[in-house]
Amino acid sequence: MLKTFMRRAGKFAAIAAAGLVMSASVQAAEPIKIGSFLSVTGPASFLGDPELKTLQMYVDKINEDGGVLGRQLELIHYDDVGNASSARNFASRLIRSDQVDIIVGGSTTGATMAAVPLVEQAKVPFISLAGAVVITTPVKEWVFKTPQTDRMAAERILTDMKDRGFTKIGLISGTGGFGASGRKQTLDVAKDMGIEIVADETYSGSDTDMTAQLTNIRNTDGVQAVLNFGFGQGPAIVTRNYAQLGIKLPFYQSHGVASDSFLKLAGDSAEGLRLPASPLLVPNALPDSDPQKAVVQNYKSEYEARWDSKVSTFGGYAYDGLMLAVKAIEAAGSTDHAAVREALENIKGYVGVTGEFNMSPEDHNGLDADSFRILEVQNGDWKLID
Amino acid sequence: MLSEFLQYLFTGITIGATYALIALGFTLIYNASHVINFAQGEFLMIGGMTTVSLTAMGVPMLLAIILAVLLAGVFGILLQRFAIAPAKQADVVTLIIITIGASIFIRGLAQLVWGKEYHVMPNFSSDEPIRIFGAVLNSQSLWVLGIGAVLVVALVLFFTRTLIGKAILATSMNKEAARLVGIRTQLVLMLAFMVSALLGSIAGVVVAPITFTSYDIGIMLGLKGFVAAAIGGLGSGVGAVVGGLLLGVVEAMTAGYISSDYKDAVAFSMILVVLFFMPRGLFGAKVVERV
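Sequence lines, in order, name chains A and B. Position 31 (the first sequence) corresponds to 31 in the working numbering; numbering is contiguous. Position 157 (the second sequence) corresponds to 157 in the working numbering; numbering is contiguous.
Source of the hints: derived by calculation from the structure; they are not laboratory data. Note that the Cβ used here is the ideal one computed from N, Cα and C, for glycine as well. Treat the hints with care, since some could be wrong.
[As the list claims (entries may be wrong)] Among chain B residues calculated to face chain A with C-beta under 7 Å, some are:
#, residue
1, I15
2, K116
3, E117
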């Protein structure tokens, strides 16, 4: 009787032990799943395309170097076509069926905000690659983001204007999400900084000529400088109309058009305009003392060598997102959601392509306005001003 | 005051001329089949993008334009052959939906071939704007207006003086009767699509220096062009031009004198008012449905 019992217990223990060993070894071989939904095609593809390329390239690179915590990374990505409701569906699929450990994605603010309630509910760390200030203000427990906010861009531009002695400015903005949010932040920041917006014009995404709005701004009394907040081809048309009208006032654009393709579109008309941008546009002009210089140069040369296309600021957001995720997983020592989230929140002094990140429980972005550099277009190229 | 008004007027004319030229493309296929071809915007895109990429390869501009227009013509024929013709007896609404599908397909193809970026095309003549009484006018606007005028005249002559033009009109009025008098209606339809594609691609080339061009430019401009065509009266060449200019000038004046925020709202209210009192548009043909 006792003998049989002992034998049974022994068998049971052996099976249990075997099971344990097996599950442990499965655990070690199992890759860390990084989920992503990006706008790889569709109207926001200029964001999602370089973002996906960056993620793929660095996931491969990290795996070649031995992975994270001895485990390989696996990138699971979906294309939301710039559509918020598909973003929501894909986020749900990443969480429920793919059971990813962390999400790095969300090219647009719309896509990001659609996914936010899901990740908050499922308690999965989420690093967004979209711009607007609403993503991390107010702070959401599980949501982080890598790009600077549009508010910081507005701060940076208005500070530069103030330094040059301009206190009355004209504003023209696109009515799309980016332009509208930028306009709101600019009006807000201007009030705080004692700058008066004397003209406030808008244009819609399909407009092909903004001369009427610019004429209005030019004819407003006391305008000292003009700011255009928008992205896509609109700002390039505004820039050309500005030059055609022969307006001599200093002209600013937002970070939304900080790319070489904008220079190509706007051509000579862009001469002399200023904008806040990532140091990625002027990697060689950075002083050697700048800690970002090496990171930025590296990313640029690696990206351009692998994809044979120009590096873009947006890809840089994905680079930082992935690196932050890896750093957090390493710091947490596991992929436990709560531990990774905690580690993300405590990342300090990570120098990325976009800037230096100092996360805190009150700040899930971790950048400050100075991470933008003010550039000026001179002789058809970017020149670092500040 | 005068310079301001002139500036708004010129802006309106620039925008309006663009709309007008695009609207013209809609008239032809509408005349032939009563189908509103929503892939018309894609012909624009093919015209602009092909020209840009050929010139980038070193082809002289004029030759690039001619090749681009021819390519669009081929696409027009293919569209009719492979998308419209197989649907045969389908009613007009079905055909319209087919053109929407075709437009998505062509756009996807263009995205694969040309990528997703915007491209610049240089002005035909000088980049220097023209200054009149303190207002400036983009020299390309004159090209748009001029070519628009030439195309309208050409269209009118085509429909009233040529056998093919008359055959297209006959087919639109009564397909059965046209077939009975020996018109090959399928061929006529194919011709209509081809000529319409030619028109659209010419428009695409001429407006590209103003609007830039990209794989999705067709959605944006095609819709505005359609609105202009609807105001002017679908099927009327003169109507397309008047509708386009009217829409452009109203938009610019609203942006200038009222507020840029209400520009589109005013333009669309205008459409409602026009269509409310004149359901066939300003120059639309009076058609009596016989039962």
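Comparing the hints with the structure gives:
{"no.": "1", "hint": "I15", "result": "holds, 5 Å"}
{"no.": "2", "hint": "K116", "result": "holds, 5 Å"}
{"no.": "3", "hint": "E117", "result": "holds, 6 Å"}
Of the hints listed earlier, there is not a single one the structure fails to meet.
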